[in-house]
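A.B. asks: Residue 146 in the working numbering sits at position 146 of the sequence shown; the count goes up by one each step and never skips.
Hint data in this document are derived by calculation from the structure and do not stem from the laboratory. Bear in mind that the values here come from a model prediction, so they are computed numbers and not experimental data. Treat the hints with care, as some may be off.
[Said to hold, decoys possible] Quick list of simulated restraints, FRET-style, between CB atoms:
no., residue 1, residue 2, range
1, R206, Y292, 49 to 55 angstroms
2, Y292, R255, 17 to 23 angstroms
3, C294, Q241, 22 to 28 angstroms
4, E200, P260, 24 to 30 angstroms
5, I183, R275, 33 to 39 angstroms
Where a beta carbon is used, it is the ideal one built from N, C-alpha and C, also for glycine.
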Amino acid sequence: MKWLFTLLVLVNLALLGWGLQRDPDAAVNFPKVRPGIGHLQLLAEVDNPLAQSAKDRAAEASMPDAGKITADPGSETAEVVPAEERVEQQEVPPVLATEARQESDSVAKQALDGSPKSAVIEDQDNPPAEPETTMPATPKATPPVCGAFGPFERGAEARSLAESLASQGMDTSLRRESMEKPIGYWVMIPPMQSQEAAIEKVKQLRESGIQDIRRFVKGDQKNGISLGVFSNKKNAQSRQQEIASKGHVASVVPRLITVPTYWVDYRSDQSRVNRAIARISESQGAIKNEQYPCSRVVTSGGIF
1 MKWLFTLLVL VNLALLGWGL QRDPDAAVNF PKVRPGIGHL QLLAEVDNPL
51 AQSAKDRAAE ASMPDAGKIT ADPGSETAEV VPAEERVEQQ EVPPVLATEA
101 RQESDSVAKQ ALDGSPKSAV IEDQDNPPAE PETTMPATPK ATPPVCGAFG
151 PFERGAEARS LAESLASQGM DTSLRRESME KPIGYWVMIP PMQSQEAAIE
201 KVKQLRESGI QDIRRFVKGD QKNGISLGVF SNKKNAQSRQ QEIASKGHVA
251 SVVPRLITVP TYWVDYRSDQ SRVNRAIARI SESQGAIKNE QYPCSRVVTS
301 GGIF
């Protein structure tokens, strides 16, 4: 029994040794390929020949043939390439093979996205020109017009006009001034050189039949003689002619008093000013429109 067990072990060892010495590739039965089919390649190898693995290149380089038989698909003839010309059959290092596969994947991805690398570089070097935008022409600003409406005797009237013009887009302000206003007309003989001369002149006038005689005893008209005060200038001129017909020379002098007056200063464009002038002329014909250079400042405040 012991000898039988030993014999079986030796037989197994002999079979194992025989199997190890045998060529494993020879036991593989490859299917027969028809001669007209030609050389087959993977799609990745067609897109980028550099992506062929290093193992395949090493296997081709280790073939014992002195040359490589290449066949064109569909043809039955083959061409033998000498070993000296098989530069591409040299073994490629694994690092270069990995870079080649990465470059092949990048090129394929860019082809699918429709944005090739070269086109991106070209766009960066030569950016597309931005379309020119034409700015609308700015209309020329018309110079403003400045002036004042007045004079107003009452501040409330001037204030009402200023508010009305401001509501129409005009810059306005109120201005107050003093003005001498005639309240009547004197028919008088100008002041004489002395009081005695004035008294003598009064005596002569009365002898001529002239009545309503007054002598100024003080003030600016001292030693002058008043022959009447009239509110109407024409009546004063008639009295003057009456005195002249009796051989005496008299003058018509306005009787003035100082009163406050109000003006509405404005600053605006010509069209608004023209409309304001038309409205004021219809309602208040006596109001003047005095224009002046705009170098004078018109503020939005007033005197009230």
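A.B. asks: Now, for every hint given, state plainly whether the structure supports it.
C.D. replies: Hint-by-hint comparison with the structure:
1. R206 <-> Y292: 49 to 55 angstroms: Between R206 and Y292, where Cβ atoms are some 53 angstroms apart, the hint holds.
2. Y292 <-> R255: 17 to 23 angstroms: violated, 31 angstroms
3. C294 <-> Q241: 22 to 28 angstroms: violated, 50 angstroms
4. E200 <-> P260: 24 to 30 angstroms: Roughly 42 angstroms apart at Cβ, these two residues miss the hinted range, so it is violated.
5. I183 <-> R275: 33 to 39 angstroms: holds, 35 angstroms
When the structure is compared with the earlier hints, violations turn up for hints 2, 3 and 4 and for no others.
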